[in-house]
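A.B. asks: Could you put together the complete structure from these sequences and hints?
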Amino acid sequence: MKNKLKEPVYILGVGCTRFGNLLETPEIKGLTLQEMAAEAVKEALDDSGTDPSEIDAIFVGNVTMHTSTLPATYSQIAKWTGMQFKAGVHFDGACSTTNIGITLGAMGIASGVYRKVLVVGLESTLSQPKKLSPFDRETIPTEEMWLWTDYCVNQAYSVPQGYDIFPSYNGIIAQAYCKKYGISIEEFEKGMFELCRTRRLHGSMNKRAINQETLEDEAKRFGFDDPYAFWKSNYNPFLAWPSRLRSAVSAADGASAIVISSEDGIQDAPNLPIEVKGWGVTISDLPWYEEDPTYMHYDTLSFDKAYDMSGITAADIDYLHVHDCSHISSICTAELSGYLPKGEGLKYAEAGRLRFDGDRPMSTHGGRHAFGHAWAASAGADTYEAVKQMRGICGERQIPNVPKISVVHTHGYAMVSTVMVYGRR
Amino acid sequence: MPKSIIRGYYEDLEQKKVIGKKCNQCGKITFPPTAICEHCGSREIETFELTGEGELLFVSHSMAPPPNPRFNKLAPYAYGHVKLKEGVFVQGIVTGVGIDPASLEEWYHKCPVKVVPDIIDAEGLSILAFKIIESQ
Ligand SMILES: [Zn+2]
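Those sequence lines, one after another, are chains S and H. The first sequence begins at 1 in this note's numbering and counts up by one. The second sequence begins at 1001 in this note's numbering and counts up by one.
Calculated directly from the structure, the hints in this document are not laboratory data. Where a beta carbon is used, it is the ideal one built from N, C-alpha and C, also for glycine. Be aware that one or more of the hints could be misleading.
Quick list of simulated restraints, FRET-style, between CB atoms [said to hold, decoys possible]:
no., chain 1, residue 1, chain 2, residue 2, range
1, H, Ala1064, S, Ala87, 45 to 51 Å
2, S, Val402, H, Val1116, 53 to 59 Å
3, S, Ala315, H, Gly1098, 44 to 50 Å
4, S, Gln155, H, Ala1064, 19 to 25 Å
C.D. replies: Structure (structure tokens):
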């Protein structure tokens, strides 16, 4: 593998809807997926100062066709986004989708074929069309959503023999982490509580997050003065022992969009372009780990590829997001990346060092738990946050030392490990 | 007529046989079986019977109601990470283990423990589960 970009590629603009529930959340309530995508695209085009006529190709991602009923998504949203008669494709990298789209678009640009590319991700995880209505939607039960989402997982052997994401991606990894580093279950609980507190603090400062309530406020709402007592209560049950509900993903509906460009397309950019310095993509089937469940080999390969392509080391990273639909898995990944020392992640969380104002800021949009997770749209939302942080415009959750290098890692079910390296010029 | 490898795997389980493939090129085992050696890509692979015995390294539990209706009667169940004697890692349902925190914490401290295959029925499909044999 040559692992080089022949020409530099930039993110020119980003867009993202509020993540929430199409049936409830004020900013997106009553919208269809086409309209949600159009909203994210409009923001990205405006942010990049790009007229739709300048876009050469569109890469559209959607994972759960059962809730969108929009295969061939390129045609379905072409007239909603000004992309009629462009080159286009619908693709799926599960929860890495939008960032995989950036890599596809960037290769199209660096090869000299395209000048500007639009990447879009759209997803509903909470509802489906009601009786084939073009606009009415109805809630789907959580287990149905997982049944459909687990179509991404080994259907030959794992799913029919009892596979479940919560033990595999959460409980077992948590136990392995505690054993490996000599952390007691009580210490683990405290660490996970603090990590959740940090993510929820970030969500509370982000108007696009699905959950904007701090953990402390939520505890009070349930009648607890002590948020840790709330954490250990039946209101926060074990999803997969020893991991609890509030250490995991909040499923959401949402859309995100990114405009990327060659160097000759960024001269009149109204907002600071961010360089796509490199990436690493690695796929794997189950098992995701062997003797040591805290170690996912394909992540090592992805970080190595991304660091090599972009010419950075872990020491250069100013802001990191790693896939955190399981909080303990995100700690393992952050340690694997070299951003946090091995076995120290929970201590860093307890000391507040992972907060936006800490020395190792992570997931300042709130992550998969507080910002929410809308499968195909989420990686774009992570990139959105990285871009806004590097432009220094994140308001009260702005990282004080505006990041020069940001790294965004996602686990596309199950798995496409994707690491993006972004740089401020 | 071609024979489905996946169908064969489950039919073998019904006969209490745990079948994978072994590679003539690199010597490694592909389990469960696929069309190729998962380690080196060789097509020089042969049917290989595993003991299904091994060590349970960790055990947690599933959600309920389960995503897959096949497990409506079984969920929530204990679900574990197993290292088979042959060096293969596999996850599966662990029968006979309670999913209350106290029970799981007990097994957390006891693990690794020996397991043997416990082939169970899930809505008409024979699947590979495990049961613990305690060596007191
Ligand atoms: Zn081989």
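A.B. asks: Each of the hints needs a verdict: does it hold here or not?
C.D. replies: Against the structure, the hints come out as follows:
| no. | hint | verdict |
| --- | --- | --- |
| 1 | Ala1064/H to Ala87/S: 45 to 51 Å | holds, 46 Å |
| 2 | Val402/S to Val1116/H: 53 to 59 Å | holds, 58 Å |
| 3 | Ala315/S to Gly1098/H: 44 to 50 Å | holds, 46 Å |
| 4 | Gln155/S to Ala1064/H: 19 to 25 Å | holds, 21 Å |
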